[in-house]
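Whenever a hint applies, use it, and build me the whole structure from the sequences.
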Amino acid sequence: MLEIHNLSSGYDNIPVLKSLSLKIDTGNLTAVIGPNGAGKSTLLRTISGLLSVSDGSIMMDGIDITKLRPDEIVGLGIIHVPEGRMILSRLTVRENLIMGSFQRKDNFQINKDFDKVLSMFPILGDRLTQLGGTLSGGEQQMLAIGRGLMAKPKLLMLDEPSLGIAPIVVEQIFNMIKQIQNEGVTILMVEQNAAKALNAASSAYVLELGEIKASGSAKSLLLDDGIKKTYLGL
Amino acid sequence: MLVLEYAISGLLFGATYSLVAIGFTLIFGVLNRFNIAHGATLMVAAFGGATISILFGGKDSYIILIAAFFSATLIGAIVGLIVRQIAFAPLKGGSELSPFVTSAAMALILEELFVNLTQSVSIYSMEVTEFPSPLENLVFFLGEIYIRGAYLVIFLMALIIMGILHWWLHHTKSGLAIRCVEENPTAAWLMGINGNRVEIIVFAVASAIAGAAGCLISVAYGTVTPFLGSNLLLVSFVVLVLAGIGSVRGAMICGLLVGIIETVTAGLISAQTKEAVLFIILFTVLLVKPQGIFATSATERD
Ligand SMILES: Nc1ncnc2c1ncn2[C@@H]1O[C@H](COP(=O)(O)OP(=O)(O)OP(=O)(O)O)[C@@H](O)[C@H]1O
Ligand SMILES: [Mg+2]
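Quick mapping for you: the protein sequence lines, in order, are chains A and B.
Just so we're aligned, residue 1 is where the first sequence starts under our numbering, counting upward by one.
Just so we're aligned, residue 235 is where the second sequence starts under our numbering, counting upward by one.
Where hints are given, some of them may not hold.
To be verified - 30 Å max Cα-Cα, derived DSSO-like pairs, lysine-lysine:
id: 1; chain 1: B; residue 1: K407; chain 2: A; residue 2: K152
id: 2; chain 1: B; residue 1: K407; chain 2: A; residue 2: K116
id: 3; chain 1: A; residue 1: K152; chain 2: A; residue 2: K178
id: 4; chain 1: A; residue 1: K105; chain 2: B; residue 2: K407
id: 5; chain 1: A; residue 1: K112; chain 2: B; residue 2: K407
id: 6; chain 1: B; residue 1: K326; chain 2: A; residue 2: K18
id: 7; chain 1: A; residue 1: K154; chain 2: B; residue 2: K407
id: 8; chain 1: A; residue 1: K213; chain 2: A; residue 2: K154
These aren't lab readings, by the way, just hints derived from the structure by calculation.
Written as structure tokens, this is what we have:
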């Protein structure tokens with residue numbers, strides 16, 4: 001689905017990603033793990049067009065998206081649920097969800113997806129008229145994922161969905177992510193919680209200092225001694 | 235009774251202040267930059283409306299008045315887009331201060347241009363150019379209270395414009411997109427909203443509203459001058475600071491408030507003291523609630 005080839009990118013004059021290559025297969029849940037500052041969020045920001053590419057290429061289903069604007073990339077079905085969630089605090093929960101479907105015109109299907117998101121996250125249904133900024137952290141994460149789903153993603157990119165959330169809610173959110181994958185959405189997930197991510201994923205990449213340090217099936221990485229020691233604390 | 239009469243006039247006329255301030259605050263909300271040429275845009279549009287009224291005998295014709303109003307609105311939008319193209323677009327990503335300077339420069343250029351035009355074009359006059367309208371001699375009485383027809387009309391028009399704007403910002407996807415960009419441009423891009431296009435739409439809409447306001451104000455005055463805009467810009471600064479910068483609803487209400495304060499002071503004391511009183515109130519509010527009356531907190535803004 002997504003193929004990244006020798007990608008370099010970063011901020012103004014600070015290069016972060018260094019000639020990084022990565023491949024995501026359709027229907028898979030791919031995890032990217034790595035320490036703070038490795039460039040995980042930078043990778044997602046580059047794919048979604050927020051940061052410009054200084055070298056290399058990104059292809060989505062054979063289409064070169066390297067130079068596209070973020071709204072054009074959304075139009076191709078690549079949806080980025082950002083770190084920190086970025087819920088619009090002055091919009092209601094309903095408005096946040098509806099705006100997730102900003103580019104779509106298929107109103108009938110939008111309404112169905114709206115109902116589906118509410119059945120996945122029933123708590124959002126109780127909060128529809130509440131302002132986004134008044135939700136708890138866990139609820140905001142659910143809203144962020146729900147908003148992403150409203151865009152009808154082909155590839156859903158999640159940046160640290162477990163960050164700052166109580167373990168029981170994390171469990172719930174990971175179950176939902178699995179369910180989303182089962183319904184045919186390809187997922188790219190960035191996580192610091194390596195154990196959880198590797199258990200959910202089918203394949204994974206380890207990112208350190210802007211470079212891929214290891215990659216393979218999630219199972220093989222779970223068994224890797226180096227990764228066990230550094231990331232799983234075993 | 236006289237106080238009530240002043241207060242009603244002020245309330246009615248204040249609606250135009252609301253319009254000017256709303257446009258100013260919309261642009262600030264989306265770009266995080268002040269458009270100092272907002273007043274000059276309004277002035278150019280008002281001259282456009284006046285020109286149509288003068289050329290086509292707008293003194294007795296409501297049709298011409300309506301045509302003048304819509305032309306002024308359109309001219310406002312066009313001038314606003316030109317201002318954006320020249321004073322804002324090339325400075326994207328630069329310091330917040332640079333468009334302040336470039337838009338102020340555009341305001342000066344437009345003012346100077348119209349000072350020259352009023353001297354050289356015969357339908358305009360050097361001091362004040364007339365804006366003829368059939369509303370000039372229209373008056374109503376509400377019991378003992380005397381109300382100018384022009385004020386009533388501008389109030390109703392302003393309410394309609396604000397109503398439409400409010401509906402657009404809260405109940406349509408394109409309007410909600412404006413509020414998304416206003417709060418978090420990055421989140422908006424990730425939701426598939428083209429931030430550049432939103433900027434253009436906001437400039438056009440805010441400036442069109444300024445154009446409409448310029449026409450309504452100069453119809454109420456019966457005249458227009460090249461300095462109409464700079465005076466109004468000052469008033470809308472006051473409105474914005476009172477309201478809390480970025481609050482559309484606050485700008486609506488504080489515009490009315492400022493109108494009342496101005497007219498009552500001008501009527502009871504003198505026209506010269508109205509600005510002094512306004513600024514005294516401004517300072518008092520800033521001392522008590524520096525973030526403005528309506529900016530209660532980030533989440534409650536609007
Ligand atoms: N806006 C920015 N401007 C400049 N440098 C930045 C910016 N954002 C991130 N960086 C730098 O880029 C590098 C990678 O940051 P990034 O946010 O991608 O890390 P991360 O892997 O997501 O870390 P974390 O797990 O803490 O979220 C860091 O060194 C960071 O300081
Ligand atoms: Mg990160």
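These are the hints, each one checked on the structure:
no. : hint              : result
1   : K407(B) - K152(A) : holds, 17 Å
2   : K407(B) - K116(A) : holds, 20 Å
3   : K152(A) - K178(A) : holds, 16 Å
4   : K105(A) - K407(B) : holds, 11 Å
5   : K112(A) - K407(B) : holds, 18 Å
6   : K326(B) - K18(A)  : holds, 28 Å
7   : K154(A) - K407(B) : holds, 22 Å
8   : K213(A) - K154(A) : holds, 27 Å
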